[in-house]
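2 protein chains.
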Amino acid sequence: MEEKIPYKIYLAEDEIPRQWYNVRADMKNKPAPLINPANGQPLSQSELEPIFCAELCKQELDNDTKWIDIPDEIYKFYKMYRPSPLVRAYFLENALGTPAKIYYKFEGNNTSGSHKLNSAIAQAYYAKKQGLKGVTTETGAGQWGTALSMACAYFGLDCQVYMVKCSYEQKPFRREVMRTYGAKVTPSPSMNTNIGRKILAEYPDTTGSLGCAISEAVEAAVSQEGYRYVLGSVLNQVLLHQTIIGLETKTALDKYGIKPDIIIGCAGGGSNLGGLVSPFIGEKLRGEADYQIIAVEPASCPSFTRGTFAYDFCDTGMICPLAKMYTLGSQFIPSASHAGGLRFHGMSTILSQLYHDGLMEARAVEQTSVFAAAEQFARVEGILPAPESSHAIRVAIDEALKCKQTGEEKTIVFGLTGTGYFDLVAYEQFNNGTMSDVIPTDADIAASIAQLPKVDAK
Amino acid sequence: MEEKIPYKIYLAEDEIPRQWYNVRADMKNKPAPLINPANGQPLSQSELEPIFCAELCKQELDNDTKWIDIPDEIYKFYKMYRPSPLVRAYFLENALGTPAKIYYKFEGNNTSGSHKLNSAIAQAYYAKKQGLKGVTTETGAGQWGTALSMACAYFGLDCQVYMVKCSYEQKPFRREVMRTYGAKVTPSPSMNTNIGRKILAEYPDTTGSLGCAISEAVEAAVSQEGYRYVLGSVLNQVLLHQTIIGLETKTALDKYGIKPDIIIGCAGGGSNLGGLVSPFIGEKLRGEADYQIIAVEPASCPSFTRGTFAYDFCDTGMICPLAKMYTLGSQFIPSASHAGGLRFHGMSTILSQLYHDGLMEARAVEQTSVFAAAEQFARVEGILPAPESSHAIRVAIDEALKCKQTGEEKTIVFGLTGTGYFDLVAYEQFNNGTMSDVIPTDADIAASIAQLPKVDAK
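Sequence order for the protein chains is A and B. Counting in this note's numbering, the first sequence runs from 26 upward without gaps. Counting in this note's numbering, the second sequence runs from 26 upward without gaps.
Check before you lean on any hint, since a few could be wrong.
[As the list claims (entries may be wrong)] Simulated coverage check for chain A against chain B, where a stretch passes if three residues somewhere in it have a Cβ under 8 Å from a Cβ of chain B: (1) 33 to 43; (2) 254 to 263.
[As the list claims (entries may be wrong)] Over 12 Å on every C-beta distance to chain A, these chain B residues come out as not near it, computed from the model: (3) Met-216; (4) Arg-222; (5) Thr-444; (6) Val-463; (7) Asp-467; (8) Ala-468.
For the record, the hints were derived by calculation from the structure and aren't laboratory data. Ideal Cβ positions, reconstructed from N, Cα and C, are used throughout, including at glycine.
Bound-form chain A, shown alone:
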């Protein structure tokens, strides 16, 4: 039986799910609504529509529709790079000498290099359908911007990406991928926007920040006719689109009669993890099955494990709506020596609620141990993983080694969200032994949490 499971389980094309699964419909305790910071009231569809596409606002606010159809045009694009393989990590199991059975869902086999494309194509589609000319967004290292530029090229939409200036200059490769896909990439802060001009007047030598790039992208969206702003994580709509990951995973496991004991994913804004675990959480919520679900976050940006569950701004610029989430405070900035991504101070409101209700657990891991796991994985499984994804690898290996000690034959599934081909500067630090672990002090976290906005909605 065991040997009949191939190294890579590929679904057939007609087994790609036809609907996304909205886990909110099965949640008794719904995620708290987004709040308008101006009046402390939940944001309505009409308040969101000047910023986001109408259909995406609807998805953002929809806590009730359990299954949402994937439009044909998106489904067709999914066939370009999906189904993604569910890989049995025979080589890793062998290297660890563990009785555990390890599987990973690999989302890196597309040019954006990650799962981000799953939501980018959906957001671009709804923008096109609404008759928009284009979309704006921000990007740090460029993973999301790359995915969005691919999606916009496909639908012939204008794509304007505000890229943090230091990344634009020091990490030119993803910038060039975006340009190859026809995106307009602007180093932020720029002279295109009021906020950019204001910041440049005050700090002419600034190398930019993600918070500033978000502000520019939002301003650019609302100030141009026919444009909207799009975002690659955190939001409910993004998590919804990412459920394609979990649904494919579940279909592949079911096909071979495999029931996982542990499901592991890395958590930054939470959308890939939420997408992977939604169908399994759904079974837990409905009392049909039980799974151990582990969110893995960097010890240098530990929203779940050391943050607080409260309303906070989604951005450091404090112009975005307030979300109730596990947060370190919107003014929390992870150390510059943190290389492994997942730098967001907060967490998806859906996952925050689920974590608060005890449906999943969380672990924080240090970056040198993450890169050690990445290297071990790369050498035996033949895939150089993204630093973000490697957080999940670290905990998967830890759990497999526990099984080695206890003799338990647990089945472990983790999400391998992407490849590390554009993260070689961090690998170089690790290879040279110059990478260090930086963990915020309790005082650091207390100081940024002290700045949380005073909101008591609902």
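Since the structure of chain A is already known, use the hints to place chain B on it.
Only chain B this time, still in chain A's reference frame:
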């Protein structure tokens, strides 16, 4: 019928071929033997063994065994990243508005980013089986070195890579991938070898060359107990290992009853093209079927289309054996402004003989048109191709557009050998409009061909 062909044809794991196909066995006119430059005589197994692994020498010289078993250990490794998909380019067909049916065999979904891994794992296996400690090689941009480092990590072999110094310094990313896989990467010329020390004494500021790196790698192999030298293209053994590409392609096509009219591949040293077309050439040689087979080379390094069929050194350093091949002369160096890879002055002796005998044709294409094809392909098919692979894309698009004019519904298959994630500097030149086409003059080529060695063996 047509619609039943999926976007991606994946073979089942047990459909991965169990044997490589040695096209030489079906050739009436065998490729000319390698010649020892010292005495003008064909090289024997015993002369080759101090440099190459014994089993690989045997494969190099074997013109008769038609099917060669793939050892179980290699087969197991192949399952890590194979079978590779045969993709129906529906999106590209649609964008071109052509009645042609286009398929491509995509070899880029592994961390080495190309087909090179197919031979690297075989060569590492035979070295391990022979009880060697390690292997040495040279690398330019690093694609072959990356593949070899992955293969050596898997078998626990020491891997010493001499990397052209300017690439080592200016293209650090592939270097770091190799280091992550445990390879020792040395900038060449180095103080490790006599030849390196000599060159550095004479030219302390040299940035190195592939010819020099080859010389260092060969010296390092023969001067260390338990080491051999390995090479990533040109040789018969490499082409043999790469037939896994063509065999999988043929199995996938046969499964759906598809008979290609045109088969296209890019040609540098010739191993990927040879691997792709071998099973089809075999049918032509045996009179079972006919196909139009097109080798695509850069106009800046046009071995087939403007070279001569003669014995020549395989390396610019003139220390390697002589091979009878289409060559521009071992002293021919493509312009530094040529970005698209495929820089080798000669060509596989097998392909050279087949081309000479009229079994395939060749076309030379200019690099700006290659990058234009790459960009068009990337935008609709979602894969950013390697510049090398994009030579094949260029001609596939040209042929599909011819079909649009004539209305012919030809079936076109091409080899997409790899991804361009480490070639973004060239894409940047293209995006900025600073890329130019440089074509050697007749006088340039005549001058380097005038330096061919005087050999008239056989």
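Comparing the hints with the structure gives:
| no. | hint | verdict |
| --- | --- | --- |
| 1 | 33 to 43 | holds (count 4) |
| 2 | 254 to 263 | violated (count 0) |
| 3 | Met-216 | holds (21 Å) |
| 4 | Arg-222 | holds (26 Å) |
| 5 | Thr-444 | violated (7 Å) |
| 6 | Val-463 | holds (22 Å) |
| 7 | Asp-467 | holds (35 Å) |
| 8 | Ala-468 | holds (36 Å) |
Of the numbered hints stated above, those contradicted by the structure are hints 2 and 5, listed in ascending order.
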